[in-house]
Structure formats: C-alpha cells, structure tokens
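Taken in sequence, the protein lines are chains A and B.
Start counting the first sequence at 98; every next residue gets the next number (this note's numbering).
Start counting the second sequence at 2; every next residue gets the next number (this note's numbering).
Read the hints as simulated data drawn from the structure, not as lab findings.
Only a predicted model underlies this, so the values are computations on that prediction, with no experimental measurement involved.
There may be inaccurate statements among the hints.
Claimed, not checked - Here are some, though not all, of the chain A residues that point toward chain B, as calculated from beta-carbon distances under 10 Å:
| id | residue |
| --- | --- |
| 1 | Val220 |
| 2 | Val227 |
| 3 | Leu321 |
| 4 | Ser322 |
| 5 | Lys327 |
| 6 | Ala357 |
| 7 | Asp358 |
| 8 | Gln508 |
To be verified - Straight-line distance between alpha carbons at most 20 Å, and here's what the computed SDA-like set of lysine to any residue pairs gives:
| id | chain 1 | residue 1 | chain 2 | residue 2 |
| --- | --- | --- | --- | --- |
| 9 | A | Lys503 | B | Asn105 |
| 10 | A | Lys147 | A | Leu411 |
| 11 | A | Lys181 | B | Cys113 |
| 12 | A | Lys181 | A | His318 |
| 13 | A | Lys181 | B | Pro116 |
| 14 | B | Lys117 | A | Arg329 |
| 15 | A | Lys526 | A | Leu544 |
What the hints assert, rightly or not - Computed far set for chain B versus chain A, every beta-carbon distance over 10 Å:
| id | residue |
| --- | --- |
| 16 | Leu12 |
| 17 | Val61 |
| 18 | Ser90 |
| 19 | Lys117 |
| 20 | Gly150 |
Think of the CB as a built atom: it goes at the ideal place given N, C-alpha and C, for glycine as much as any other residue.
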Amino acid sequence: MSTSTTLGGRLGAPSPVDRGSCPPGADMPFLMIACVGLVAAALSLTGAIKLTAAMEHYQWGVLSFFIALDMFTALVVGTGVLDKAAVVIANRSRGNPGLVLLLFSSLLFLVSSFLNNLTAVLVVLPVIFVLLGALRLPRAYVVSFFSLLLAISNLAGASTPVGDFPALIIMKSGLTTFQAYLVRAFPLFAFTGAVVIGLHFAAHHLRRRKTEADNQDDDTHVSLSLLATKYRYRQVDTRVLWRIAAVFIAMFIGWATIPADVVPPELTAVLGLGLAVTVTGRDFTNVYRAFDLKPVLTVAIMLFVASIIQESGLLERLAGQLQARIHSPVYLLCAVMVMTAICSGLFSAGPAAAAMMPLILSLGAPGSGPLADHSDWLAVAFAAAICAGSSLFVWSATAGFPMSMKITDAQLAGPDGQRLKWGTREYLKYGVTHCLLQLTLGIAWVLTAISIQR
Amino acid sequence: MISLSPHIAELGPLTVIATIGDAQARVGRATAGMRDMLPVAPATGSGCGGRIRQVLRSAVTQLPDYQSKTCIVFPGPELVFLEALADLSYTGRVLMVLDGVLDNPTVERIQCNVPKGLDVSVHQLPYVPDRLGVTGTVLAVPGFECGSGYALVTKVAVRTLGLCRSFYFGDIAFLDGIGERVYGRPVTENWALISKRNAFNC
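Please model the entire structure based on the sequences and the hints provided.
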C-alpha cells in the first residue's frame with residue numbers, strides 16, 4: 098500500500114492536508130505571552146522583581162521533557178495502535194453501554210498513564226462518537242460517560258511521573274525520585290480510578306433500571322459495521338510499534354535507575370525520542386506535522402509565571418504564614434492539599450502546579466521543612482490535590498475544552514432526537530463529585546501511609 | 002435512528018450503502034427506518050453491498066484501457082471504488098479529491114484506510130490535482146443516470162469537474178449502472194444534476 102498527500106495543488110498551496118482551518122482559541126497562547134510579558138516588564142521596571150534572576154529559575158528541563166514526550170506520543174499515535182485498540186473495544190462491547198463505559202475508561206487510563214492524555218482522548222473520541230451515535234443513549238449516560246473519561250485522563254496522567262505536565266514538574270523539582278513517585282502514586286491513582294469507574298458504572302445500572310432503554314440492536318449493528326469499514330485497511334505498524342516500545346522501556350529503566358543528577362530525566366527523554374525516530378526509520382516530517390505548538394507555548398508561559406512567582410518570594414511568605422499558624426504537619430498537609438486543589442480547579446492544573454511548587458518545596462525542604470521526612474508522600478499528596486482540582490471544572494483539565502468542542506461537533510443525539518451537549522454546566526455536578534472524592538481519597542491515602550511510615 | 006452524514010463524508014455514499022446492505026444481510030432483515038436515514042435508500046436490504054461492488058468492478062473494467070491509465074482521479078472518499086481497483090490489481094495512481102470541509106484527523110483516517118497495493122494520494126478541494134496527463138488520466142465520476150443526457154452526481158464531483166475543466170480535456174468516465182436496480186428514491190440533497198455531454202458511460 099502506498100498512500101501520500103501530494104504537495105502542491107493547482108493553486109500552488111502547500112499540502113492540502115496541512116491547510117487546516119485555524120481552530121478556535123489558537124491565538125490564546127500568543128495573547129497570554131503578550132499579557133504575561135507586559136506584566137513581567139512592568140514588575141521589573143518598578144523593581145518588584147528581577148527578570149534576569151527569574152529567568153535563572155526557569156525550568157527549561159520541564160519544557161524540553163514535555164516537548165520530547167509530546168513528540169513521542171505523536172510517534173506512537175502514528176503507528177495506528179490506539180485507533181485499532183479503540184475499534185477492537187467498540188466491537189467487543191457489542192454496543193453494551195456498561196461495557197463501553199468500563200472498557201473505554203480502562204483503555205484511557207492505560208494509555209494516558211504513559212502518553213500525553215490530551216492526545217489519547219482525541220484519538221479515542223471518534224470511535225466513541227460512532228458508537229454513541231448508534232446507541233442513542235440517554236443524556237444522563239452520555240454526560241456521565243464523558244465526565245468519567247475526563248476524570249480518568251487526569252488520574253492516569255498523575256499516576257506516573259511522565260503522564261502529565263504537573264507530574265513532570267514534581268519529578269523535576271527534586272522533591273522525590275522517579276521510582277519513589279511511581280511506587281507511591283500509581284496504586285493511589287489506580288485505586289481512585291477504579292472507584293470513580295465503579296461509581297459511574299453503578300450509576301448507569303441504577304439509571305437503566307429506572308428507564309429501560311429501547312432496543313437499538315439494528316442501529317448498533319449497522320454502526321459497528323460502518324466503524325469496521327472505516328478502519329478496515331488501517332494497519333498497526335507493528336514493526337515500528339515494537340521498536341518504539343523497546344525504546345520506551347529503555348527510557349523507563351533509565352528514569353528509574355539512573356540518578357537525576359547524573360543524567361537528567363529530560364535528557365533521557367530527548368535521547369529516547371531521537372533514538373525512537375532513528376530506529377523506526379520513520380519520516381520525521383510526520384512527527385512535526387502531528388506536533389501541536391499550542392500546548393508547548395502554554396506550558397512555556399506557565400513556567401515563566403512560576404519563575405516570576407518564585408522570584409517574588411510570595412509563596413515562600415505564604416508557606417511561612419501557614420507554618421506559623423498550623424503547627425501539626427498533618428493538618429498543614431491537608432490545608433496545602435485543599436489550597437492546591439482550589440488553585441488547580443480555578444486556574445487549571447498546569448499553572449497551579451507551576452505556581453504552587455515553591456510552596457511545596459519549602460514545606461519539604463531538607464532540615465527546615467515540617468514535612469521533610471515525608472517528601473515522597475508530599476509529592477504524591479501534591480499530585481493528588483492537583484489532579485482533584487483539575488477534575489473540578491471543564492477548564493481545569495487540559496483535555497476539558499478540546500473534548501467539549503469535539504462533542505459539540507459530533508452532534509450526538511439522545512433517544513428523543515434532542516441534541517446532546519457536554520460542557521461546563523453539564524460537567525459541573527460530576528466535576529464537584531470527582532474533585533471531592535479524589536481529594537478525600539488522596540488525603541486519606543497519604544495520611545494513612547505517613548502514619549504507617551511513622 | 003443514526004445520522005449517516007458523517008459516515009457518508011468519510012466513506013462515500015456507495016460504501017455506506019454497501020456496508021449497510023451487508024449488515025442487513027448478516028442480520029437477516031431490513032433494518033427498521035433505514036430508508037429514512039439515507040438520502041438514497043437501498044430498495045432491498047440483503048445483497049445490496051454485493052451488487053454495488055459488482056457494478057463498480059464492472060464499471061472499472063469498462064474504463065477504456067484502464068490498466069494503461071496511469072492515473073484515475075476520483076472525487077470523494079469511495080472505499081468500494083478503491084476496493085474494486087485493488088481487486089483488479091490496478092497499478093496506476095489514484096488521486097482522491099475530498100471535500101474541503103473535512104478536518105485533518107478525518108482526512109488522515111481516509112488516507113490510512115486504503116487497500117493494500119494501491120498508490121493513493123489525497124487532495125482537498127479547492128486544491129485539485131494539476132498536471133494531469135490527457136492520455137494517461139481519467140476522471141471517474143459515480144452517479145445516477147437521470148435521462149435526457151443528465152446525471153445526478155455528488156457536490157464534490159461537481160466541484161472537482163468544475164475546477165479541472167479549465168485545464169483538463171481528457172477522458173471523463175461516468176460510472177453508471179447503479180441506478181434503479183439498487184436505489185429506491187433519489188434525493189437531491191448534497192447531489193447535483195450535470196450534463197453528460199463530455200463524458201462517456203461505464
């Protein structure tokens with residue numbers, strides 16, 4: 098098989114496929130750069146901060162780590178394995194809504210643990226749309242299902258040190274090590290994920306008892322056939338996939354065994370990406386094409402804001418105030434977790450993680466910090482709080498708004514033919530539940546672990 | 002009832018009808034309400050997919066010296082057409098012209114879903130392929146015979162023909178023969194009537 102996109106059409110344009118319309122909000126990072134730049138310049142001119150000193154705190158490592166993992170995700174997606182997995186799951190579920198809920202959320206947890214969760218969600222969504230379009234499930238089910246997917250992508254992202262941006266910041270902070278974070282965080286987030294999935298599954302069964310859905314067998318059968326036709330000749334590039342998997346395992350071993358001060362983790366990520374592209378022999382232009390600059394710019398700005406906050410010493414003063422007022426380390430930890438969750442909910446996970454990190458570092462500072470003995474658990478508690486907050490509103494999570502836009506575009510309809518929506522208002526009830534549940538479980542888990550450790 | 006528009010945009014109307022026909026044949030009954038879903042509904046359920054494939058295969062073989070044609074331009078993402086070409090071991094190029102409103106992930110899915118052995122390149126309107134060799138190229142347009150020298154074809158086909166007309170004077174093949182035997186009632190939504198004056202039937 099040979100497929101290509103011909104360069105140069107009649108109108109002399111570049112590749113037709115490259116010529117996508119500008120998605121809404123694409124100029125947002127540039128607007129943020131302008132605003133943050135103006136504020137930073139004003140602060141520097143008034144003498145409130147020193148920009149040169151702030152730039153010394155800038156976490157270039159986190160940025161390069163993020164870019165390398167994002168490109169690595171593009172390589173994996175390019176093999177077609179995620180499409181295939183989603184189609185297989187859709188067929189295996191045979192249109193059973195309960196199974197659809199269980200299988201897709203499990204798949205998303207597995208994928209988002211290691212790859213960029215936004216990409217994972219966007220790859221799986223088209224298959225889900227075809228399935229839900231056929232099943233014509235009630236509005237309550239659809240809203241619950243997408244809310245579950247958002248929460249699961251957040252939980253999975255926090256479960257490993259390479260799953261999402263906040264986890265990368267934690268790993269790079271030196272508060273914990275790769276291995277220590279993985280061993281402590283993965284069981285917590287996997288358990289929380291299982292509880293969240295279980296609750297949604299139970300709620301679905303309760304709803305089904307109340308209103309028995311119409312038999313949609315015919316439509317489901319037709320939709321599954323159409324889905325199979327859409328992916329009939331889509332091959333998983335197993336040769337490339339195995340090579341990428343081998344490189345990723347090597348990277349994982351490198352992160353887990355080589356101390357960060359010997360080989361920084363971002364260097365392992367960048368080297369791994371280079372190795373993956375080389376051994377797969379793939380055309381690197383595909384990786385460039387799949388690469389989205391918008392999240393990179395957003396992360397770069399977040400890190401700049403974080404370095405300005407760090408330079409201002411604002412959060413260190415706040416940490417001092419907290420320590421002066423709350424003497425018990427346990428209560429202090431709870432207070433910090435609640436504060437972090439609220440910040441993450443209001444300002445989204447990335448900025449909250451970058452901004453709150455200095456506070457967490459001062460609490461876990463060796464010798465002086467009240468939680469210095471439990472710095473590994475402090476890192477997990479911070480990740481749990483960030484994750485809980487990022488499940489609060491649609492805008493809090495990285496995947497929230499892109500998911501909402503895709504769902505609106507999909508024009509899904511309920512059994513009564515009414516258009517289904519999933520956005521800020523629809524998600525709110527589930528968001529508050531997810532946030533409270535995750536925060537409660539996180540606090541209980543970390544406090545139990547600390548008391549056992551003592 | 003399911004909405005078929007996104008499927009038609011990604012697979013093409015003939016492929017969607019063939020797939021539904023196959024699904025109905027497997028289930029053993031005509032799917033309820035299917036006629037209301039399709040702009041052009043199959044008159045009979047079972048066997049419809051096989052019939053469409055057979056007709057397309059036959060149409061491709063009737064393209065004059067199709068194996069000597071180095072390039073076939075086809076408007077729309079019609080998987081059954083590609084399958085017919087693959088079945089006949091076509092070795093030339095296929096230029097698939099897609100609707101310009103399709104988003105990038107959809108175009109990538111269409112590009113990846115191509116039978117093995119075919120050389121397919123994808124263009125999105127209004128960027129139609131240029132440098133088409135007059136003798137080695139054929140524009141293949143699927144549609145319904147409407148009589149009086151007119152045919153009902155998709156809007157993508159109309160736009161492709163319109164954009165190519167200024168510089169292409171080669172063969173335009175009209176893939177006919179699918180008409181009344183397969184389809185129940187033609188509906189003009191997203192379809193257009195064109196004159197077949199410069200085209201030949203296959």
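Next item on the list: Identify every previously stated hint that the structure contradicts and give their numbers, smallest first.
Entry: Hints 6, 7, 15, 16 and 19 not satisfied by this model.
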